[in-house]
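Fit chain U to the known structure of chain L by using the hints.
These protein sequence lines map, in sequence, to chains L and U.
Just so you know, the first sequence maps onto residues 750 to 1107 in the working numbering.
Just so you know, the second sequence maps onto residues 750 to 1107 in the working numbering.
The reader is advised that the hints may include incorrect statements.
[Unchecked claim] Under the rule of at most 27 Å between Cα atoms (straight-line distance), these lysine-lysine pairs were calculated in the BS3-like manner: (1) L:LYS1010 - L:LYS1058; (2) U:LYS1062 - L:LYS978; (3) U:LYS946 - L:LYS1019; (4) L:LYS1058 - U:LYS1062; (5) U:LYS792 - U:LYS769; (6) U:LYS945 - L:LYS1019; (7) U:LYS1010 - L:LYS1058; (8) L:LYS1058 - U:LYS945; (9) L:LYS922 - U:LYS828; (10) L:LYS945 - U:LYS1058; (11) L:LYS1010 - U:LYS1058; (12) U:LYS1062 - L:LYS1062; (13) U:LYS946 - L:LYS1058; (14) U:LYS1010 - U:LYS1062; (15) U:LYS922 - L:LYS935; (16) L:LYS797 - L:LYS769; (17) U:LYS1010 - L:LYS1062; (18) L:LYS1010 - U:LYS1062; (19) L:LYS946 - U:LYS1019; (20) U:LYS946 - U:LYS978; (21) U:LYS1010 - L:LYS1010; (22) L:LYS945 - U:LYS1019; (23) L:LYS978 - U:LYS792; (24) U:LYS1058 - L:LYS1062; (25) U:LYS1058 - L:LYS1058; (26) L:LYS1058 - U:LYS978; (27) L:LYS922 - U:LYS935; (28) L:LYS946 - U:LYS1058; (29) L:LYS1062 - U:LYS978; (30) L:LYS1062 - L:LYS1019.
Please keep in mind that the hints were generated in silico from the structure rather than gathered at the bench.
Number of protein chains: 2
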Amino acid sequence: MGYTVAVVGATGAVGTRMIKMLEESTLPIDKVRLLSSSRSAGKVLQYKGQDITVELTTEDAFEGVDIALFSAGGSVSAKFAPYAVKAGAVVVDNTSYFRQNPDVPLVVPEVNAHALDAHNGIIACPNCSTIQMMVALEPVRQQWGLERIIVSTYQAVSGAGQSAINETVRELKEVVNDGINPRDVKAEILPSGGDKKHYPIAFNALPQIDVFTDNDYTYEEMKMTNETKKIMEDDSIAVSATCVRIPVLSAHSESVYIETKEVADIAAVKEAIAAFPGAVLEDDVANQIYPQAVNAVDSRDTFVGRIRKDLDKENGIHMWIVSDNLLKGAAWNSVQIAETLHERGLVRKTDELVFELK
Amino acid sequence: MGYTVAVVGATGAVGTRMIKMLEESTLPIDKVRLLSSSRSAGKVLQYKGQDITVELTTEDAFEGVDIALFSAGGSVSAKFAPYAVKAGAVVVDNTSYFRQNPDVPLVVPEVNAHALDAHNGIIACPNCSTIQMMVALEPVRQQWGLERIIVSTYQAVSGAGQSAINETVRELKEVVNDGINPRDVKAEILPSGGDKKHYPIAFNALPQIDVFTDNDYTYEEMKMTNETKKIMEDDSIAVSATCVRIPVLSAHSESVYIETKEVADIAAVKEAIAAFPGAVLEDDVANQIYPQAVNAVDSRDTFVGRIRKDLDKENGIHMWIVSDNLLKGAAWNSVQIAETLHERGLVRKTDELVFELK
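Only chain L is shown next, with the shape it has when bound in the complex (with noise of 0.2 Å):
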């Protein structure tokens, strides 16, 4: 017998991922189920060339589904993740709602798996930006300890949903075909959703994701530096992070500078990356070799290479990570932590509840 699997937000950029992951995944799968708001139920999907109708999210809706995975915004996972917990299924959240909730393990299989064992119904997938960051550090971490990280990252439109894509194709097309200069692009998305002001992304860079918090960091920043801590156990990493978003569709581009704890050669940072799962070393610079975004697109993998020893710091390492968003980032995370829950065998139903039904 095989789990009942629903995907809530499956019309999503990241849902109609989590509904191809699935199809490819090694899970045990009798039946998907696709929910989202009003205005996508009803549409019809396919999942191994089935089709499925597209059905509401309700409080009721999770009666008889092992596996929920969440992708439709922090106010929906808040709302009916309870629900589905209650209703017996065990939810993968890929909102920011519950990640720093102490009852919640954050998780980037690679590198904290353990973490399952102590869940009580939902597992948080770890923001997009921080997944490929971890797969890429850890390793590292392991073998010589980490003292410092300094991310700047060059982000996917794609992080901020399908409306952000469409209107980034849109601003291209008009700069483009219709010489229309950049700054007077109407803009109604980018930055964040959100926020009050919009700002066109076509032939821009703009250093806001998601909205400011109290510190001046953007809440996307400290999203990096929270989640790292929690997923490595380690609060006294120190992690400052400026998250920009740039005209690219899918998989985001990260420049990373550490600091370990031991002095570590290159040559062996390099082989303990390239063998870590999930991660991929492309790093031959004599051969112009190294991660780009557009190569990156549809892989499962995180792609590491430009390492190299800081110029002064005899415990600096600086590099450059990238990895499909709303894959590593998002979907295939998602699906991840199902499979693992299944291997390790914890897809169950939860004792008590311990979130609150709202």
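Using the frame of chain L, we list chain U on its own:
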């Protein structure tokens, strides 16, 4: 009596901006002469509404020239700049060829105009990515000292010339109009015209600008390191850069992390930057105000924002620096050097030729 000013490389992306900057300059100019390679000689360009025929650059072309602005590639400067000096001109060279020559001042006028006093006929204009960083960091260095800089750049394609601009627009059209996968687009110029392999820039981020050096950094990255030390006259400042090309036509953005010698108050840092000539503070995150590439195009200023403390290091500061790479990064800084030479009475024939005639 005004000057005769020559522009070498007049038909290029930087050369055409040099002509515009000369049109708007306070320099007393009698005559402008436009020089180029045989490929462009004979073309007719405009200066203040006047037609000027582009002449071939030769060893004898600099007779009667007072100021020669070079931006036609390092090999052209290497060959012809000494002949210009021999003919009595002062050369402002926008290529990298003479930048590390101890006989050549490397100047950002707001930062080290005094270095012009010792010139021997050639003054080098720094690399675009260095210049804007110097304008933003010099006021910080003056008040609190600078220990180290870690910079990740988001550089526009126009830094690689008009052919790179054309290539980028062509690639984008192929993707947004014809539905070609970005990874299948044909590239012939970027990341570096001088290197073997070429990669798409549409919907991509390329962590290579210029070719690689022996230490696995690119020349572009090493320029930021070496030029910073020379301009700030302090070899002890640690600088490590990651230089990345993104699909933006003009204006470079930079994510810069610094450590100061004395701990600095962020409000005071903002004040110091706002008060520095050539720098404009754009930093009000509550109102989503920060520098953006599309807004910096056609401005001579360097825009600085997102200034904030590192989350862990008391003396660590992050900021976001944006400027038009063709203007302050090249054409304007070159013409500004010429204006500063004039103001200081330094536009004069060099007594002894210290540069080799080839």
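Taking the hints in turn, this is what the structure says about them:
1. L:LYS1010 - L:LYS1058: 14 Å, holds
2. U:LYS1062 - L:LYS978: Roughly 17 Å separates the two Cα atoms, so the pair holds.
3. U:LYS946 - L:LYS1019: With Cα atoms ~23 Å apart, LYS946 (chain U) and LYS1019 (chain L) stay inside 27 Å; holds.
4. L:LYS1058 - U:LYS1062: With Cα atoms ~21 Å apart, LYS1058 (chain L) and LYS1062 (chain U) stay inside 27 Å; holds.
5. U:LYS792 - U:LYS769: 17 Å, holds
6. U:LYS945 - L:LYS1019: Distance of about 24 Å is within 27 Å: holds.
7. U:LYS1010 - L:LYS1058: 23 Å, holds
8. L:LYS1058 - U:LYS945: 25 Å, holds
9. L:LYS922 - U:LYS828: 43 Å, violated
10. L:LYS945 - U:LYS1058: Holds, because 25 Å separates the two Cα atoms, which is no more than 27 Å.
11. L:LYS1010 - U:LYS1058: 23 Å, holds
12. U:LYS1062 - L:LYS1062: 15 Å, holds
13. U:LYS946 - L:LYS1058: Holds, at roughly 25 Å.
14. U:LYS1010 - U:LYS1062: With a Cα-Cα distance of about 12 Å, the restraint between LYS1010 (chain U) and LYS1062 (chain U) holds, given a limit of 27 Å.
15. U:LYS922 - L:LYS935: It holds: about 19 Å lies between the C-alpha atoms, which stays within 27 Å.
16. L:LYS797 - L:LYS769: The hint holds at about 9 Å.
17. U:LYS1010 - L:LYS1062: Given pair LYS1010 (chain U), LYS1062 (chain L) holds - Cα atoms ~16 Å apart, limit 27 Å.
18. L:LYS1010 - U:LYS1062: Holds: LYS1010 (chain L) and LYS1062 (chain U) sit about 16 Å apart, inside 27 Å.
19. L:LYS946 - U:LYS1019: It holds: about 23 Å lies between the C-alpha atoms, which stays within 27 Å.
20. U:LYS946 - U:LYS978: Judged against 27 Å, a Cα distance of about 31 Å means the pair is violated.
21. U:LYS1010 - L:LYS1010: Holds - the C-alpha atoms of LYS1010 (chain L) and LYS1010 (chain U) are around 23 Å apart, at most 27 Å.
22. L:LYS945 - U:LYS1019: 24 Å, holds
23. L:LYS978 - U:LYS792: 61 Å, violated
24. U:LYS1058 - L:LYS1062: Since the Cα atoms of LYS1058 (chain U) and LYS1062 (chain L) sit roughly 21 Å apart, the hinted pair holds (cutoff 27 Å).
25. U:LYS1058 - L:LYS1058: Judged against 27 Å, a Cα distance of about 25 Å means the pair holds.
26. L:LYS1058 - U:LYS978: 19 Å, holds
27. L:LYS922 - U:LYS935: 19 Å, holds
28. L:LYS946 - U:LYS1058: 25 Å, holds
29. L:LYS1062 - U:LYS978: Holds - the C-alpha atoms of LYS978 (chain U) and LYS1062 (chain L) are around 17 Å apart, at most 27 Å.
30. L:LYS1062 - L:LYS1019: 18 Å, holds
Hint violations for this structure: numbers 9, 20 and 23, all remaining hints satisfied.
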